[in-house]
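J.: Chains D and X are the protein sequences, given in the same order.
Last residue of the first sequence: number 109 in the working numbering, and the count goes up by one each step with no gaps.
Last residue of the second sequence: number 933 in the working numbering, and the count goes up by one each step with no gaps.
Hint data in this document are derived by calculation from the structure and do not stem from the laboratory.
Even glycine gets a Cβ: it sits at the ideal position worked out from N, Cα and C.
One should not assume that every hint holds.
Unchecked claim - Simulated crosslink set (SDA-like; lysine to any residue; CA at most 20 angstroms straight-line):
id, chain 1, residue 1, chain 2, residue 2
1, X, Lys576, X, Ser543
2, X, Lys210, X, His176
3, X, Lys585, X, Val564
4, X, Lys585, X, Gly622
5, X, Lys758, D, Ala25
6, X, Lys758, D, Leu24
Claimed, not checked - Where chain D lies over chain X, by a calculated footprint (3+ residues, C-beta under 8 angstroms):
id, region
7, 823 to 829
8, 835 to 848
9, 874 to 886
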Amino acid sequence: MPLAVRVSYGSSAAVVAVEGELDLATAPDLERSLGAVQRDGRPVVLDLRQVSFMDSSGLRAVLAADARARASSSRLALVAGPPSVHRVFELTLLDRRLEFVDDPAQVVP
Amino acid sequence: MAISGRDQRAFEEVHPSPAGPRLPYQALLDTLPDVVLVADDHGRYVGANSAAVKLLGYTEQEILLLHVEDVVAGSPETLEALGRDLVDAPVWRGQIELRRKDGSTFGAEGRAYRVGDLAVTVIRETGPRIGGLVGSTPAELAAIVESSNDAIFSKTLDGILLSWNRGAERIYGYRAEEVIGRHVSMLAPPERKEEISDILRRLRRGEEIRDFRTRRVTRDGRIREMWLSISPIRDATGTIAGAATIARDVTEQARIEAELQLARERLSRDITELKSTERELRFRKLLLEAQTEASDEGILVMSPDGELMSWNNRFLELMGFTPQVMDGVSRAELLEMLRPSLLDPDGVLDRIRRVWERPEAEARDQIAFVNGRVVERFSTPLRDVDGHLYGRASFFRDVTEERRRELAQRFLAEASRELVSSLDYEATLERIASLAVPQLADWCTVDVLEPGGEVRLLAVAHVDPEKVRWAGELRKRFPTDPTAEQGLANVIRTGRSELHAVVSPQRLESAAGGDPEILEIFRELRIRSVMIVPLVARGRTLGAMQFVWAESGRSYDEDDLRLAEDVAGRAALALDNARLYRERDQIAQTLQQSLLPGALPTIEGIRLAARYRAAGRGVEVGGDFYDVFEVGGGAHAFAVGDVCGKGPKAAALMGAARHTIRTAAIQERRPSEVLRVLNTALLQRMADRWFCTVAYVRARRGADGVRLTISCGGHPLPAVLRAGGEVELVGRPGTLLGVFADVELSDAVVDLRPGDSLVLYTDGVTDQLRDGEEFGLERFAEVLRDSAGRPPDEIANAIEEAVVAYGSEEPTDDLALLVAKVVD
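Work out the full structure, taking the sequences as your base and the hints as a guide.
T.: Following this line, the structure appears as structure tokens:
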């Protein structure tokens with residue numbers, strides 16, 4: 001199943017909404033999108049609510065985005081996906097390391 | 110005024126009609142008080158100035174009808190002497206007598222210059238000649254002397270002034286009483302006092318001093334240019350008693366002469382310049398011609414009405430013409446002569462004619478010749494500075510090399526792109542063969558050497574798909590003879606290219622090997638030119654590529670061969686890379702296998718089973734691993750891990766992780782500490798975005814079972830299958846490893862009773878997808894429950910089978926499983 005990545009620009013942050021499966025095949029797409037959105041150093045909200053599946057490849061994309069945000073003193077926030085997806089963050093304790101928000105609009109610069 | 114013969118020629122160049130009625134510098138000559146007459150070498154006057162007109166009483170036109178004899182009085186001997194002098198010496202000076210129109214004569218002081226074929230006579234009226242005075246009465250003499258405009262004075266041989274006429278008063282500014290009785294040297298400027306004594310010496314010797322030019326000083330100190338004529342005066346006994354001087358202020362004349370000299374010099378300079386300009390023009394023309402000839406561009410110039418005006422040799426060379434064919438040929442004929450050598454004659458001729466129809470048009474295009482050469486034509490209207498159209502110039506440049514390079518570059522770029530885009534080398538080589546058609550070949554085939562030594566036709570490309578099939582069948586029916594002296598087999602055997610620029614009928618026959626059927630096919634294929642280049646990579650010949658020109662009628666040369674070799678070299682590398690890739694694939698799997706424990710150790714009271722399955726294709730080996738080892742004190746360690754990523758690097762990291770765990774386990778007892786050491790080691794060696802998850806379990810046998818201490822670094826929590834079928838996840842989540850310096854890791858203790866099993870797994874188990882839905886923990890737990898009471902091997906089998914059966918798609922992740930069951 002292909003991955004759909006939608007990017008919308010709000011007043012304060014860019015929202016990257018992901019829909020579909022995030023695995024070895026599709027994670028590069030997400031990485032590219034995130035890389036492009038982050039290029040100008042703006043805050044990014046990664047909305048995982050529509051992600052049906054995610055494995056460590058997806059995690060790698062998220063970690064890379066987080067590293068970029070830190071490097072540019074910007075910000076990466078995530079909206080948690082369904083429990084099966086969020087479990088990956090819980091198992092790796094990334095749910096404590098990354099910023100999770102309930103609503104994309106919560107992010108202010 | 111002295112004009113040399115050389116200058117006169119210069120004159121003639123500037124004034125093409127020197128014998129015309131008007132002299133050069135006529136206006137200037139007209140301002141002279143002196144008579145200027147110019148005669149040709151027959152003695153006929155060809156020019157005169159206004160002073161001559163005035164003095165002689167003729168009109169200018171009349172003078173031009175005269176002969177020297179009409180004007181110069183005196184005996185024919187005089188004239189002859191004059192002529193002789195003129196021939197012998199360029200300048201003649203002397204006294205002559207001229208005859209006016211009314212017949213009267215007058216004495217004159219003349220100078221003649223030889224100027225080429227012309228004699229220029231400059232005459233000044235000198236009044237009565239000294240010689241003429243002899244015999245005149247004293248009264249007459251006195252009257253003449255007094256009335257003369259010239260200074261006339263007499264002096265003793267010692268230089269004492271005796272008489273001083275009015276002319277002398279006027280010229281020198283001294284009145285008679287001021288000078289008479291004084292020494293004549295008073296008239297000389299200080300630097301010429303010597304001259305006076307010299308003159309007096311000469312006079313005493315009886316010498317006459319004529320036409321002496323010098324300088325004298327006037328009463329008011331002005332220095333004047335003087336013309337002097339000094340004659341001794343003899344008394345009745347013939348003894349020299351004194352001397353008479355006629356002096357004339359010629360300052361003005363000198364000035365005019367100086368001006369004339371200046372004008373002459375200027376003229377001479379102008380002429381020199383003119384000549385040098387002309388020389389330069391001629392030089393430039395020569396230079397241009399040389400450049401045109403030396404030019405790498407062919408140049409053809411046509412007049413506005415299409416006449417062929419000029420061309421250089423390079424043009425002939427590029428068009429394949431001999432100089433003779435250009436004789437009297439029209440441009441239309443020229444085009445027709447070109448036709449047979451053109452690849453697309455109608456198209457090219459049409460384009461050229463279209464440009465001719467529009468005289469204002471510029472055009473740039475390329476003309477392809479049958480012999481493979483490509484000539485770029487740039488045609489542009491020619492205009493002079495006023496914008497007047499005076500023709501059309503066409504420049505022809507051989508761009509064969511350029512185009513070849515361009516084509517080659519494009520072909521190589523495309524081929525390279527193909528070569529890296531796919532690992533399916535057969536498809537890739539087919540693509541490359543088709544890229545060569547039709548720019549580089551009508552036919553292109555790729556043959557590879559099979560491991561068994563036979564040559565297999567791997568790719569055929571031709572513009573006509575029908576012929577592609579044909580070629581395949583042909584090869585099947587008539588396999589390549591591996592012992593052939595020439596051709597494909599030879600190239601593969603020797604690794605050396607073959608170029609058959611023009612395939613002769615004889616060669617075709619020998620290539621057909623005497624088989625009339627093959628020969629017929631060859632003939633039908635119209636094979637004209639062939640290149641066969643080996644596919645050599647890393648010193649091994651893997652096959653060969655053939656490039657064939659057939660119906661297009663073109664032929665290959667050494668340059669084409671170089672390109673083909675380049676292409677073949679790259680294709681060979683791709684072919685070899687594919688082979689290496691396959692090998693690397695195997696190596697990676699071997700590596701992974703080798704990194705996993707070969708056989709599980711035997712542990713008292715515990716039965717073990719492990720499964721490992723690499724997902725995906727070939728080289729994309731994953732980084733999953735498991736390990737079991739003794740840690741001392743009767744304890745064992747179980748580890749399952751997953752290095753995020755694929756390929757040899759992941760496999761290598763996995764090996765390193767496993768090794769680190771083993772090493773750390775010797776030092777550290779607590780599983781969380783072991784993982785911490787691993788985390789630090791990974792941080793040091795892992796590149797960005799690489800991470801690792803590990804579940805590490807320390808197991809120690811107790812009195813009634815096994816105590817597990819579990820630590821998870823980002824890994825799915827291990828499962829425990831109780832003897833009764835209950836399934837629980839044990840341990841607590843911890844931070845994944847290799848990303849953060851500070852990690853949260855914990856140790857959880859779980860006791861297993863006999864019949865209980867610990868199941869360690871990677872996410873390849875739970876993440877297996879079917880229609881977007883993962884296998885998940887629920888199904889996993891269910892499989893475990895169903896396996897309760899069974900030996901670990903069967904539990905492992907059940908899990909693997911369930912996962913594989915569940916997946917509708919090929920597994921994308923590796924799978925590693927370790928089952929440890931406590932037995933009595």
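J.: Each of the hints needs a verdict: does it hold here or not?
T.: Evaluated hints:
Note on X:Lys576 and X:Ser543: the hinted pairing holds, with a Cα-Cα distance of about 13 angstroms set against a maximum of 20 angstroms. Taken as a hint, the X:Lys210 and X:His176 pair is honoured in the structure, with Cα atoms around 13 angstroms apart against an allowance of 20 angstroms. A C-alpha spacing of about 11 angstroms is found between X:Lys585 and X:Val564, which places the hinted pair at or below 20 angstroms, so the restraint holds. Simply put, X:Lys585 and X:Gly622 have alpha-carbon atoms about 16 angstroms apart, close enough for the 20 angstroms limit, and the pair holds.
A C-alpha spacing of about 18 angstroms is found between X:Lys758 and D:Ala25, which places the hinted pair at or below 20 angstroms, so the restraint holds. This hinted pair checks out: X:Lys758 and D:Leu24 have alpha carbons roughly 16 angstroms apart, not beyond 20 angstroms. Beta-carbon proximity to chain D at under 8 angstroms applies to 4 residues in the region 823 to 829 of chain X; the threshold of 3 is reached and the given coverage holds. With 5 residues having a beta carbon nearer than 8 angstroms to a beta carbon of chain D, the region 835 to 848 of chain X meets the requirement of three or more and the stated coverage holds.
Check on the region 874 to 886 of chain X: 6 of its residues sit with their Cβ under 8 angstroms from a Cβ of chain D, so the three-residue criterion for coverage holds.
When held up to the earlier numbered hints, the structure conflicts with none and fits them all.
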